[in-house]
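In the UniProt record's numbering, the protein residues as written are 1 to 100.
What the hints contain is simulated information worked out from the structure, not anything from laboratory work.
Treat the hints loosely; a few may be bogus.
Computed Cβ-Cβ distance ranges for the label pairs, DEER-style [stated by the list, open to error]:
hint	residue 1	residue 2	range
1	E28	E91	17 to 25 Å
2	G51	K93	18 to 26 Å
3	A27	L88	17 to 25 Å
4	P21	F58	18 to 26 Å
5	E91	P17	17 to 25 Å
6	V24	M1	18 to 26 Å
7	L88	V31	31 to 39 Å
8	Y18	L72	17 to 25 Å
9	P99	E43	35 to 43 Å
We put the beta carbon where it would ideally sit given N, CA and C, even for glycine.
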Amino acid sequence: MIPETRAFCPRGLGIIPYALPSSVELAEATVKELAEYDVVMWEKHGVCAVGENVMEAFDMIDTLSKSAQIYLTAKSMGFEPDGMSEALMEELKVAFNLPK
């Protein structure tokens, strides 16, 4: 729905089901998802992002958070966001030379 999300997190967001905090299970799931996604969200915990530096990782999380807030605000006002079409997503991919 928000073009900046695709530009700042081109590989997207992975979701990890609940696992005990600090467990080997959670660590292994995180490593697996980060091989495919820019950011992972741990159910009932928070998020983890990996970037070239801490600011890049922070920007990814911040962009996703703002995008989620915009989406939820629109939904709470009774508006059903259309989101981006496949053609628009492809245009972003080409314009920003995105990997996915």
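Results for each hint:
1. Restraint check, E28 to E91: a C-beta distance of roughly 37 Å breaks the suggested window 17 to 25 Å.
2. Distance hint check: the CB atoms of G51 and K93 are about 19 Å apart, consistent with the given range 18 to 26 Å.
3. In this structure the hint that A27 and L88 lie 17 to 25 Å apart at CB is violated, the actual value being about 36 Å.
4. Range check, P21 to F58: Cβ separation about 21 Å, and the 18 to 26 Å hint holds.
5. Distance hint check for E91 and P17: the Cβ-Cβ separation is about 33 Å, which falls outside the suggested range of 17 to 25 Å.
6. The given range of 18 to 26 Å is broken by V24 and M1, whose C-beta atoms sit roughly 36 Å from each other.
7. For L88 paired with V31, a C-beta distance near 32 Å keeps the hint of 31 to 39 Å intact.
8. Taking 17 to 25 Å as the suggested C-beta distance range, the pair Y18 and L72 conforms, at roughly 21 Å.
9. Here the CB-CB span from P99 to E43 is close to 26 Å, at odds with the stated 35 to 43 Å.
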